[in-house]
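S.K.: Sequence:
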Amino acid sequence: MENDEPAADDPVEAVPAAAPERDAGHVERLGRLGQVQASIEQDAEEEEDQDSPASPDAAIQEGAGGMEEDGDDDNDDDTDTRSTNSSENGLDDSDADRLFDDYITAREQQQAAAEIYNTELPTEHAYLGKLERVEGVDYMEPGKIYRLPVCSHNSIVFPGEVVPMIINAATLNCTDPSDGVKFGLVFRNVISDKYVYGVTCQVFERGELNASSGSIVLKTIAQQRFRTVRHLAGRRADVLILPEIILPDPLISSCSNLMMRHAVSNSAESAQRFKSFLSRTVPWPKFVYDLYGTDEVLTKVDRYLALLKIENVPSDPVKLSFWLARNIPIDENDRKKIYEADAVISRMMIINKSLDQMCYF
1 MENDEPAADD PVEAVPAAAP ERDAGHVERL GRLGQVQASI EQDAEEEEDQ DSPASPDAAI
61 QEGAGGMEED GDDDNDDDTD TRSTNSSENG LDDSDADRLF DDYITAREQQ QAAAEIYNTE
121 LPTEHAYLGK LERVEGVDYM EPGKIYRLPV CSHNSIVFPG EVVPMIINAA TLNCTDPSDG
181 VKFGLVFRNV ISDKYVYGVT CQVFERGELN ASSGSIVLKT IAQQRFRTVR HLAGRRADVL
241 ILPEIILPDP LISSCSNLMM RHAVSNSAES AQRFKSFLSR TVPWPKFVYD LYGTDEVLTK
301 VDRYLALLKI ENVPSDPVKL SFWLARNIPI DENDRKKIYE ADAVISRMMI INKSLDQMCY
361 F
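According to UniProt numbering, the stretch in the sequence shown is residues 1 to 361, in order.
Simulated from the structure, these hints should not be mistaken for lab results. Each residue gets a CB set at the ideal place from its N, CA and C atoms; glycine is no exception. Some clues are possibly wrong.
For lysine to aspartate or glutamate, the following DMTMM-like pairs were computed, each having C-alpha atoms within a straight-line distance of at most 20 Å [stated by the list, open to error]:
hint	residue 1	residue 2
1	LYS286	ASP249
2	LYS337	ASP193
3	LYS309	GLU340
4	LYS194	ASP342
5	LYS300	GLU269
6	LYS194	GLU340
7	LYS194	GLU208
DEER-style ranges, computed between Cβ atoms [unchecked claim]:
hint	residue 1	residue 2	range
8	GLU311	PHE100	55 to 63 Å
9	LYS144	THR105	14 to 22 Å
10	ASP238	PHE277	46 to 54 Å
11	GLN109	ASP290	24 to 32 Å
12	ASP102	ALA211	45 to 53 Å
13	SER276	ASN333	18 to 26 Å
14	ALA211	GLU340	37 to 45 Å
15	ASP342	PRO283	24 to 32 Å
16	VAL313	GLU340	20 to 28 Å
17	ARG107	LYS144	53 to 61 Å
18	PHE287	GLU340	36 to 44 Å
19	ASN333	CYS151	20 to 28 Å
20	GLU332	ALA170	28 to 36 Å
21	GLN109	ALA211	35 to 43 Å
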């Protein structure tokens, strides 16, 4: 049977007699420690509330109140933010808009300069400087004799061509600055040994008179052909103004007045059909009349100009004949024949022959 009593060698734990009193004091101290701990935790929570952001609703309300109270401050903050972002890119909004506008303007100017070139610019003779425009006189009547001051020229000048000149003012009596002087250019031994041909020139722009040299800068335009009748002293001459003869179409001119209204048509195809119909009523075949017409040469001229991409040409037959004579490559002898010819059809036939010799058609 086991003995419930401890052995003599086993240590015996002694329990002090004042244990109940110590336990009561310990509990009291623990209670005070809990109050202090609760106070410390409350203080810590208050500090965290002060440091931590408010709730979303409170933040919205606070932000709304701040916007109402400090609206100007918010605008300044937004401006500062945009300025900061633009500063990071190196440009602000106004500089970016200005640079974009400058770029667009420069591109438009480059495209305009690349696409458009004024082919008439070389004939304006801008190197003469600033000139004043003056009024001229009317055309002279063909077939009549006029007395004009004349100057010699070493090459043929066709009507319609601009001729720049620097000349002594006393030679042409250019003392009146408002007068558009008319004079003649003569081509001695250039066209014919029998007659001396020339062209009238009208001053339409003039510069200032040089007092030291007595010279003046003129810009003139050639107008009408003439041949000299007699030469006078002091660079004067009596000249006969040559006519510009425009012959009607040989085939259409043979039809009656009742059918003439059908001859005028804006369509080239309709005009050709009408000529084919008329050819049945005349004694000669149609190709004979075509030899003395302008349709063939005008067709060749249109093809030649289209090849060179030239569009601005005169529509008047007289001006067109002179324009072709001075702008297409023609032999010098043919140029002289064109200048001597009074009829437009004669000039066009010479031009037609020259185009065939150049092997363009």
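S.K.: Now tell me, hint by hint, if it's right for this structure.
M.R.: Tested hints:
Only pairs whose Cα atoms come within 20 Å are accepted, and LYS286 paired with ASP249 is accepted, the gap being roughly 12 Å. Restraint check: the Cα-Cα separation between LYS337 and ASP193 comes to about 13 Å, which is no more than 20 Å; the hinted pair holds. A hinted pair counts as satisfied when its Cα atoms are at most 20 Å apart, and LYS309 with GLU340 does not qualify at roughly 30 Å. For the proposed pair LYS194 and ASP342, the alpha carbon gap of about 17 Å is at most 20 Å, so the pair holds.
Among the hinted pairs, LYS300 with GLU269 is consistent with the structure: their alpha-carbon atoms are about 17 Å apart, no more than 20 Å. Distance restraint check for LYS194 and GLU340: the Cα-Cα separation of roughly 12 Å lies within the 20 Å cut-off, and the hinted pair is therefore satisfied. About 39 Å separates the Cα atoms of LYS194 and GLU208, which puts this hinted pair outside 20 Å; it is violated. Separation of GLU311 from PHE100 is about 37 Å and departs from the stated range, judged on CB atoms against 55 to 63 Å.
Between LYS144 and THR105 the beta carbon distance is about 57 Å. The supplied range of 14 to 22 Å is therefore violated. For the pair ASP238 and PHE277, the supplied restraint of 46 to 54 Å holds, since their beta-carbon distance comes to about 50 Å. At about 51 Å, the CB distance of GLN109 to ASP290 disagrees with the hint of 24 to 32 Å. For ASP102 paired with ALA211, a C-beta distance near 47 Å keeps the hint of 45 to 53 Å intact.
Between SER276 and ASN333 the CB atoms are about 36 Å apart, so this pair departs from the stated range of 18 to 26 Å. At roughly 43 Å, the beta-carbon separation of ALA211 and GLU340 lies within the given 37 to 45 Å, and the hint holds. The hint said 24 to 32 Å for the Cβ distance between ASP342 and PRO283, and at roughly 28 Å that hint holds. Restraint check, VAL313 to GLU340: a C-beta distance of roughly 23 Å satisfies the suggested window 20 to 28 Å.
Judged by the Cβ atoms, the range 53 to 61 Å given for ARG107 and LYS144 holds: they are separated by roughly 59 Å. Between PHE287 and GLU340 the CB atoms are about 28 Å apart, so this pair departs from the stated range of 36 to 44 Å. In this structure the supplied range 20 to 28 Å holds for ASN333 paired with CYS151, their Cβ-Cβ distance being about 25 Å. Our hint of 28 to 36 Å for GLU332 and ALA170 holds, since their Cβ atoms are close to 34 Å apart.
Checked against the given bound of 35 to 43 Å, the beta carbons of GLN109 and ALA211, roughly 42 Å apart, stay inside it.
Violated hints for the displayed structure, listed by number in ascending order: 3, 7, 8, 9, 11, 13, 18.
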